[in-house]
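Visitor: What follows is each chain in one-letter form.
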Amino acid sequence: MTDVAERREPEQAVPLAALFTAFLAVSLCGVGGGGGVVWARRIAVEKRRWLTEREFADVVSLCQFMPGPNIAGIAVCVGAKMRGTIGTIAAVSGFLVIPWVIGLSVGLVFLEYAHLTVLRNILGGIAAAAAGLLIATGIRLLLPHRRRPAALLFAVLAFGLITFAKLPLLAVLFGLVPLSIAIAGIEKARAR
Amino acid sequence: MSDPSAPLALTAHLALVSSISFGGFPTVLPDVHNFVVTRHGWMTDQDFANIFAIAQSIPGPNMILMMSFVGWKVWGFPGAVASAFATFGPPCTIYFASYRLWDRFRDAPWQQIARFGLVPVVMGLVIASGTVMARAADTSWPAVAVTTAAAVITLATRLSPMWMLLLGGALGGLGRL
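Just so you know, the protein sequences line up as chains A and B, in that order. Going by the working numbering, the first residue of the first sequence is number 23, and it counts up by one from there. Going by the working numbering, the first residue of the second sequence is number 4, and it counts up by one from there.
Note that these hints are calculated values from the structure, not bench results. Virtual Cβ for every residue (Gly too), placed ideally from N, Cα, C. Any given hint could turn out to be false.
Unchecked claim - Computed Cβ-Cβ distance ranges for the label pairs, DEER-style:
1) 49(B) x 127(A): 15 to 25 Å
2) 178(B) x 197(A): 24 to 34 Å
3) 76(A) x 112(B): 14 to 24 Å
4) 182(A) x 49(B): 48 to 58 Å
5) 165(B) x 137(A): 24 to 34 Å
6) 76(A) x 179(B): 45 to 55 Å
7) 208(A) x 8(B): 41 to 51 Å
8) 48(B) x 119(A): 24 to 34 Å
9) 130(A) x 144(B): 29 to 39 Å
10) 171(A) x 49(B): 21 to 31 Å
11) 35(A) x 106(B): 17 to 27 Å
12) 123(A) x 159(B): 14 to 24 Å
13) 208(A) x 162(B): 17 to 27 Å
14) 173(B) x 35(A): 26 to 36 Å
With the hints as extra help, turn the sequences into a complete structure.
Guide: Below, the structure is given as structure tokens:
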């Protein structure tokens, strides 16, 4: 509630076109895993000043523990915050429509020539690097929880059950998450 | 594509997994891989790895694009559109509904507890996804080195991921992997 008092002036309605172009830029700049958050923050917080740092951190946390493509979730939430339902539609359209058409066209040309040895080798190299980026992103987002032994235990369990035991995702998710939340709840109760 | 119900099965499956893809779509990649390659044989391991590499190296909503390529392989353009909607439709609806709730219960203790419980499991799943993709991509020791280097550099520096993708692509193109 303090955020309201800090605000310099009453909120003016953000133009829908501005929401559209902002998330178009986020989408086109965010190449590779995780790049989107950087650009969403840069544009929504620093350049346009639509959200404070704290509000943006809230949105990212919310999106992190909801299913789906997280950056699309940021578009949904920022759009909803600025202009309600119509704002969400503008932000999500900006994020998706043009980048989807461009990405699909470029990607299909690539796929068409995927049998060529050179292109195949290039893509193989990119896939190897991309796998490393994904592993690093998981580790990086886990770092804030490294002081909680239970958190590390559940991360290792989830990793092992998928990688080595090859259990289906649903089984791992619905088997581990309730346990993990229960233990987090007990920890919190004890800390009081 | 021999089975006419294939597009429907794929779309329904993507709509299901996108609704449970906590932590983003990478967490469900092993499941999608299992569904389209192992169970249904709609594409080869090589196809799936190619699609992953392309989706990671072009700008835009890369996981939605990746699922669109999978849809394209199964059912052409309509498949690509259906897969895109199945991938972002259910999550965006959930995001919108939960944003409203979130604002109301911003300071509730259960929110922090849920986050503390969920995040470690989700991150374990993300790391597992990277490992599954590495298994498909790393066919040689130099490729393993590229994966390891990309992970270490990302953790140790603030270098743009683009450089790692470019380096991997360049080494691959020169036939060094």
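Visitor: Taking the hints in turn, state whether each one holds.
Guide: For each hint, the structure was consulted:
Hint check: residue 49(B) to residue 127(A), Cβ distance near 22 Å, so the stated range 15 to 25 Å holds. Checked against the hint of 24 to 34 Å, the pair residue 178(B) and residue 197(A) fails, with Cβ atoms roughly 44 Å apart. The hint said 14 to 24 Å for the Cβ distance between residue 76(A) and residue 112(B), and at roughly 18 Å that hint holds. Separated by about 27 Å at the C-beta atoms, residue 182(A) and residue 49(B) break the suggested range of 48 to 58 Å.
At roughly 26 Å, the beta carbons of residue 165(B) and residue 137(A) sit within the given window of 24 to 34 Å. Look at residue 76(A) against residue 179(B): about 46 Å separates their beta carbons, and that is inside 45 to 55 Å. A C-beta distance of roughly 47 Å is found between residue 208(A) and residue 8(B), which places it inside the suggested range of 41 to 51 Å. A hinted range of 24 to 34 Å holds for the C-beta pair residue 48(B) and residue 119(A), which are about 32 Å apart.
The hinted window of 29 to 39 Å between residue 130(A) and residue 144(B) holds, with their beta carbons roughly 32 Å apart. Between residue 171(A) and residue 49(B), the C-beta spacing of about 41 Å breaks the proposed range 21 to 31 Å. Between residue 35(A) and residue 106(B) the C-beta distance comes to about 19 Å, which sits within the given range of 17 to 27 Å. As the Cβ distance of residue 123(A) to residue 159(B) is approximately 37 Å, the hint placing it in 14 to 24 Å is violated.
Taking 17 to 27 Å as the suggested C-beta distance range, the pair residue 208(A) and residue 162(B) does not conform, at roughly 40 Å. The hint said 26 to 36 Å for the Cβ distance between residue 173(B) and residue 35(A), and at roughly 47 Å that hint is violated.
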